[in-house]
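Protein chains in written order, with this note's numbering: chain A, 1 to 111; chain B, 112 to 226.
Derived from the structure by calculation, the hints contain no laboratory data.
Check before you lean on any hint, since a few could be wrong.
[Stated by the list, open to error] Which chain B residues stay away from chain A? Per the calculated CB distances, all over 12 angstroms, these:
no., residue
1, 128
2, 129
3, 168
4, 199
[Claimed, not checked] In silico lysine-lysine, BS3-like type, Cα no more than 27 angstroms apart, as pairs:
no., chain 1, residue 1, chain 2, residue 2
5, A, 58, A, 15
6, B, 168, A, 42
7, B, 168, A, 5
8, A, 42, B, 124
9, A, 71, B, 168
In this text, a Cβ means the ideal position worked out from N, Cα and C, and glycines have one as well.
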Amino acid sequence: QQQVKQSPQSLIVQKGGISIINCAYENTAFDYFPWYQQFPGKGPALLIAIRPDVSEKKEGRFTISFNKSAKQFSLHIMDSQPGDSATYFCAAGDAGNMLTFGGGTRLMVKP
Amino acid sequence: KAGVTQTPRYLIKTRGQQVTLSCSPISGHRSVSWYQQTPGQGLQFLFEYFSETQRNKGNFPGRFSGRQFSNSRSEMNVSTLELGDSALYLCASSLFGGGRTDTQYFGPGTRLTVL
Numbered sequence: 001q002q003q004v005k006q007s008p009q010s011l012i013v014q015k016g017g018i019s020i021i022n023c024a025y026e027n028t029a030f031d032y033f034p035w036y037q038q039f040p041g042k043g044p045a046l047l048i049a050i051r052p053d054v055s056e057k058k059e060g061r062f063t064i065s066f067n068k069s070a071k072q073f074s075l076h077i078m079d080s081q082p083g084d085s086a087t088y089f090c091a092a093g094d095a096g097n098m099l100t101f102g103g104g105t106r107l108m109v110k111p
Numbered sequence: 112k113a114g115v116t117q118t119p120r121y122l123i124k125t126r127g128q129q130v131t132l133s134c135s136p137i138s139g140h141r142s143v144s145w146y147q148q149t150p151g152q153g154l155q156f157l158f159e160y161f162s163e164t165q166r167n168k169g170n171f172p173g174r175f176s177g178r179q180f181s182n183s184r185s186e187m188n189v190s191t192l193e194l195g196d197s198a199l200y201l202c203a204s205s206l207f208g209g210g211r212t213d214t215q216y217f218g219p220g221t222r223l224t225v226l
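Just chain B, same shape as in the assembly (with noise of 0.2 angstroms):
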């Protein structure tokens, strides 16, 4: 079975502009959720998505959205690009939704830098 994959790999962008990420999750697994991995804040938690519904959100400004296609692909948005949102950005996809409930098989990651 074909792991997690993320496209790009990696990304250059300037402050302001807007980015998008894409997750392409194992086949048949219905939830997707993204993280954000930095030196100085390790794993943070973004949003998690399943069945095309929004279902957790962590504590991040309104300029990360996100969204999951009829297919569990997903793909995520970050608007008004700031320096701090340099990262790199995980998508881990599970049968039901991670957590207590089933293991989160996480993807390469895309590595976004912004100038």
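Chain A extracted, bound-state conformation (with noise of 0.2 angstroms):
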């Protein structure tokens, strides 16, 4: 059963653009929502991450929108860029200190 579900599973979006990646979860035990940023060859790393006490949080030109309520949450990429061109996963985090990943988004920012 897959318990957070990510789309889209591939994004093209031209430079300057905003790229918008979007997650649902199932499980209310969830309470710690990160985003993480894979390049080819390398292992996932941890670009953003949010709690449900806030419905939002910006890290320079990366925000998480939360809505608790829906159960859903997105990342925003302002001002993409060709060197964000990578493959994004949203997670969602319990009690349990495990990691529940989306099936990720493969995004392509063109020139």
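Once you've looked at the hints, go ahead and assemble the two chains, each given alone in its own frame, into the complex.
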């Protein structure tokens, strides 16, 4: 059972545009929502994370929006750059210290 | 500080064989988690070790096992390999145990191919 659903599977954005990736979860026990970025040949790296007590968190060009009632959260990448081309994973964590990952989104930013 | 290292980086095995993968966490980190990454299933949690004890386990068959040593280094073993075990196996370390408590840092992974 996929507990974290991520969309879209792939995304093409022009340089300077906004990239938006969405995730939805089912388990209300989740209380930690990180986003990971993975480049080819590398392991995932933490990009930004949010807890459900806030609705938005911004770090540079990256913003997480969180809607607790809808059980949805999203990643916005402003002013997308070719260097942002990577696979992005949302995840959800609970008190058991386990992370459940979404299926991933392959982002391509065209110059 | 050196990052998480995994050895070997690439491995080719045949069905029925067994394999052992190794992970060295970041110095001072006591928690090591293992994940399987495949195109079809994405990233799936295998198990987590903390202070030499398995603390969490994902939904994988008993062919998948692991252990952690006193220096926090961890090994993962897969016995009786099946074609479907072909994947990138990722190790992640954290101070106390990722998830909501602190950040997990991933290694580059071991690419296992089963023929």
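Next on the checklist: Which constraints among the numbered hints does this structure fail? Numbers only, ascending.
Outcome noted: Numbers 3, 4 - these are the hints that the structure violates, sorted from lowest upward.
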